[in-house]
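Visitor: Throughout the sequence shown, residue numbering follows our numbering, covering 359 to 621 in sequence.
Rather than coming from a laboratory, the hints here were simulated on the basis of the structure.
Ideal placement from N, C-alpha and C gives every residue a C-beta, glycine not left out.
Do not rely on the hints blindly, as some may be mistaken.
Per label pair, the in silico range of CB-to-CB distance [stated by the list, open to error]:
1) F549 - E412: 18 to 26 Å
2) M403 - Y605: 16 to 24 Å
3) D428 - K373: 34 to 42 Å
4) L395 - Q361: 21 to 29 Å
5) K373 - Q474: 20 to 28 Å
6) L613 - D505: 23 to 31 Å
7) S429 - Q606: 17 to 25 Å
8) Q362 - G490: 31 to 39 Å
9) K373 - H536: 24 to 32 Å
10) M359 - R615: 25 to 33 Å
11) Q589 - N445: 26 to 34 Å
12) E440 - R512: 26 to 34 Å
13) D464 - H405: 34 to 42 Å
14) E440 - Q589: 42 to 50 Å
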Amino acid sequence: MLQQTIITALQQVRKHKPLVVNITNYVVMNNTANALLAIGASPIMAHSSQEMPEMMSFSGSLVINIGTLDSVWIPRMLFAVEQANLNNKVVVLDPVGVGASQLRTDTAREIAQLAQRLIIRGNASEIIALAGEQAQSKGVDSLDSSDTALGAARYLLETYQANVVISGATDYVVTNEHTVALKNGHEMMPFVTGMGCTLSALTGAFAAVGEETGLAAAAVLGVVGEIAAEQSTGPGSLQVNLLDQLYQIDQENLLQRLKLQQV
């Protein structure tokens, strides 16, 4: 059943080409926009509060990434979440670097508290820090393994009524219905900047067509990263091959390679 959910979600994204509004960081705008296009969605990087009510009225979802946070962006992010709430749209929160500074931690928690339909996608250290536990981090990089964040993810699920995706060597998707472990991907992927941000953007695309757990995005990116790494000699070629594989991924490859289990 989980495999069929993933396949159906991919088909729906390619059929409906949902518009995904991204308030994201300067480092990854190009990466995430190209990833959304490759999977079949339609990205827009909209940061102005003046157009946000209109944008959220016809978009499929909102992705907020706090990677390059400052005092100008914070009110815009909160206003965008309010508009998403008014239009009953899913918000995907990527709490980049939470725990590295109080500003990031406070802002991520404020966004999580405000959003009414929420998916949180972060690495283990970010998930642990967002939940209020001590995490090991080095800037935006995680020094915690994803399985150590399961308790924190369940706390976030209960506190914010949010589905939670923990990315790492093993990805975990934590919802009220189940906890799923995904063991795809490749050890080269962390050497490409914004890989987690790409997962958050893809999560927004799938949420826009009704797959609100984060499972489909994590599964697709894991399998795609695995295939792309086999064709790559390093992180540079991996970036290019990953986009090509997002464009080419099909049901057969997903079912053949997918390694998931409920835990």
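Visitor: Work down the list of hints and note, for each, if the structure agrees.
Guide: Going down the list of hints, with the structure as the test:
no., hint, in the structure
1, F549 - E412: 18 to 26 Å, "violated, 39 Å"
2, M403 - Y605: 16 to 24 Å, "holds, 20 Å"
3, D428 - K373: 34 to 42 Å, "holds, 38 Å"
4, L395 - Q361: 21 to 29 Å, "holds, 25 Å"
5, K373 - Q474: 20 to 28 Å, "holds, 27 Å"
6, L613 - D505: 23 to 31 Å, "holds, 25 Å"
7, S429 - Q606: 17 to 25 Å, "violated, 42 Å"
8, Q362 - G490: 31 to 39 Å, "holds, 36 Å"
9, K373 - H536: 24 to 32 Å, "holds, 26 Å"
10, M359 - R615: 25 to 33 Å, "violated, 18 Å"
11, Q589 - N445: 26 to 34 Å, "violated, 40 Å"
12, E440 - R512: 26 to 34 Å, "holds, 27 Å"
13, D464 - H405: 34 to 42 Å, "violated, 20 Å"
14, E440 - Q589: 42 to 50 Å, "holds, 43 Å"
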